[in-house]
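Enquirer: Protein sequence lines correspond, in order, to chains W and H. Residue numbers for the first sequence follow our numbering, so the first one is 0 and each next one is one higher. Residue numbers for the second sequence follow our numbering, so the first one is 519 and each next one is one higher.
No lab work stands behind these hints: they were computed from the structure. Heads up, the beta-carbon is just placed ideally off N, CA and C, and yes, glycines get one too. Among the clues, some could well be false.
Stated by the list, open to error - Straight line, CA to CA, 20 Å or less: simulated DMTMM-like cross-link-like pairs of lysine to aspartate or glutamate:
#, chain 1, residue 1, chain 2, residue 2
1, W, 303, W, 174
2, W, 301, W, 374
3, W, 203, H, 710
4, H, 766, W, 374
5, W, 431, H, 586
6, H, 735, H, 710
7, W, 118, H, 571
As the list claims (entries may be wrong) - The following label-pair restraints were derived from C-beta to C-beta distances:
#, chain 1, residue 1, chain 2, residue 2, range
8, H, 545, W, 300, 53 to 61 Å
9, H, 735, W, 97, 49 to 57 Å
10, W, 293, H, 811, 55 to 63 Å
11, W, 193, H, 662, 16 to 24 Å
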Amino acid sequence: MRRPARSLVLFASVVLGLVLSAPGCRRRVAPPGSSEPPPDEEIRLRMWHIMNYEGPREVIADAVARFETANPNVVVEVETFENDAYKQKLSIEAAGGELPDILFTWGGGGLAELARAGKVLDLTQELAVDGWRERFLDAPLDFCTLDGRVYAVPIDLACVPLWYNADLFARHELDPPRTFAELLELCGKLRAEGVTPLALGNMKQWPGAFYFIYLATRTGGSQLFFDAAARKPGATFDDPAFVEAGEKLRQLVDANAFSTGFNGIDVGPARTQFLNEQAAMYLMGTWLVARALEEKPDFPPKMKCIAFPAVESGQGESATVVGGVNCGFAVSRSCENPDRAVTLLRFLTDAQVGEEWCRIGRIPALRVRDEALAELPVPTRAALDLLKAAKTIQPYYDQHLPPRLAEEHKKTTQEIFAGTLTPAEAAERMEKLAGETL
Amino acid sequence: MTSAPSQTGPARFGRGLFRFLLPALVVYALFVILPIGEAFRLSLYRWPSAISEPVFCGLRNFAALMRDAVFWSALGHNVLLLVLSLVLQLPIALMLAVFLSYPVRGRRLFRTVFFAPMVMPTVAIAVLWSYIYLPEQGLLDQTIRIFDNSFGGAWLGNPRTAMLCVFATICWRYVGFHMVLFMAGLAAIPEELYEAARMDGASEWRAFKAITLPLLKPTIRVSATLSIIGSLKYFDLVYMMAAGAPEKSRELMATYVYRLGFEGGQGRFGYGSAAAVALFLVALAVSGTVTFMGRRTNELT
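Pulled out of the complex, with its shape left as it was, chain W reads as follows (with noise of 0.2 Å):
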């Protein structure tokens, strides 16, 4: 029997309103922006994010250090979570818990539905003040926009190209596709030298649903997707571009061009795969270059990029790339001294934040040097500039759509491939569920 969260979370607080409650205890103070408590009082801010990892924990702790000794009277409470726990606890405490002041933030629809139900401080004003908007990149603070305002601000900034072994390419005189009928070739012809084309590990979905994301951008053009989540009139789900997309996706699982099992293993194994050379090609995020420097550092010269392969018929520009922010902070409308935690995103944001990503391997969604950026690695310097000659970037669908629909789409591109679905029905599910939901 599994206990409903909101009554944990409801005795849990009624046992600590009870200890908070006694004598001399903090006492609630008042609503948001009526009144700055005096300088000399402490005010301790809880701030929540998922950058556990060394290189983005060390850059934000020393933002905040430096904030702190600017605020000598402000405490940040930071606590580090595990990415999927993270959406758990995030989800739950948006129900009916206690969200911290500042809060981490992929963007996109979790962002949008936590702004269209108040949860979140609109930072639109604040952004004008001191020219803070123009310090960063256009397309990750619009992931952080809805309905022209902004509710958080982006940090990092991410995409997903076709990674390659140029060396195995090399090896066996080949050449990276270009189309998606030159990616079905290469991959007959990878396979008959006994090499995996394509590295996949699907157990958590979401690699997976990356070519799903791919083939129906390429087929059906980014807008189709934005309408259909918007539900403008004409466009669904169940158009027959993503139905299309399915359907292409299944004529690369029946060329045999996945590592074998892909949707039972996960996405470590699959990482090896390609960092051992057992596969060519790797279609996964720029987040896959630091864990590569570190599992084999003599691999990443041999790692090269491509946008993924044009559809020939297909609508869609053949430059977008998936991509999207993979950390943005935003202000909880609860919070009790909006001022400081704004103060705060500040120092998150600044040049010295923007320099020190670059030099942990890592794109900026900020403005920064040219010289900043020489410092990234060089196969993070290639897909960036792939995101540069992209016109849009097709943001990944479980982070656009509101969670119950991201769960849909996960599942039922994972059906695709695993044979159960067929393109048509899971074009249908979608579409079904997204017309109950949004």
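Go by the hints and put chain H onto chain W.
Expert: For chain H alone, coordinates are given in the frame of chain W:
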């Protein structure tokens, strides 16, 4: 101390104990009984996502659950797990226990090794077995490749095999536990009975059937009850290992309940609670039946 002096000793003692039990009762009420009631209440609400407001909808969630193919597949998997643990896991455990009741060489070593999976953390087991089942490079496929060089099984990714693979792991994990239970039961059977049987010229098999099995009955009943209840509420290895199979091939009732409520921040707490209530009722009905049957056979013997 308000008790009347006329009260007898045990009654007074009992009343005193009640006071000591009270704090535990409060904790249980707060964290077990009330949440069960809360789940019943929530199951009557339409609550499509964490952030939306719950709306009362009567028994609609249950009506939807009855039409939900994934829920039925999950229930089916629970039943399959239950049957497999009774017809595979317990006999294997019994066999090992009987073998180890003989003065075998290295008896202690065997016992420790068979029991070891029980003390391993579940996550470690999940990772270990995921690598055993890893297509092409895993231990299983590498072994098969000795005979068929091109073999590569999808195992955990294949809708037909995913659950069975995980069930095999579950069996492997719990066999040692039941073996130890049986060994304890066997130790309680007086050796004289076997000596008498041997004098009467009974074979080992005959002695097993006529002495061991009947006298081990209470232990078998405990083992079976634990297996039945355990397989109805089972969660962890299935959740971790079968995640890659399509929805209808990867869920138990408990994993489904969890995914509805929490996975990817879906927050379908209303519908998830309905599924949780269904799980509760199924478990209650089955364990009630098992207890009742146990009591009846106890009375008969």
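Enquirer: State for each hint whether it applies.
Expert: Against the structure, the hints:
no.: 1; hint: 303(W) to 174(W); result: holds, 12 Å
no.: 2; hint: 301(W) to 374(W); result: holds, 18 Å
no.: 3; hint: 203(W) to 710(H); result: violated, 58 Å
no.: 4; hint: 766(H) to 374(W); result: violated, 48 Å
no.: 5; hint: 431(W) to 586(H); result: holds, 15 Å
no.: 6; hint: 735(H) to 710(H); result: holds, 19 Å
no.: 7; hint: 118(W) to 571(H); result: holds, 14 Å
no.: 8; hint: 545(H) to 300(W): 53 to 61 Å; result: holds, 59 Å
no.: 9; hint: 735(H) to 97(W): 49 to 57 Å; result: holds, 54 Å
no.: 10; hint: 293(W) to 811(H): 55 to 63 Å; result: holds, 58 Å
no.: 11; hint: 193(W) to 662(H): 16 to 24 Å; result: holds, 18 Å
Hints 3, 4, counting from the list given before, are not met by this structure.
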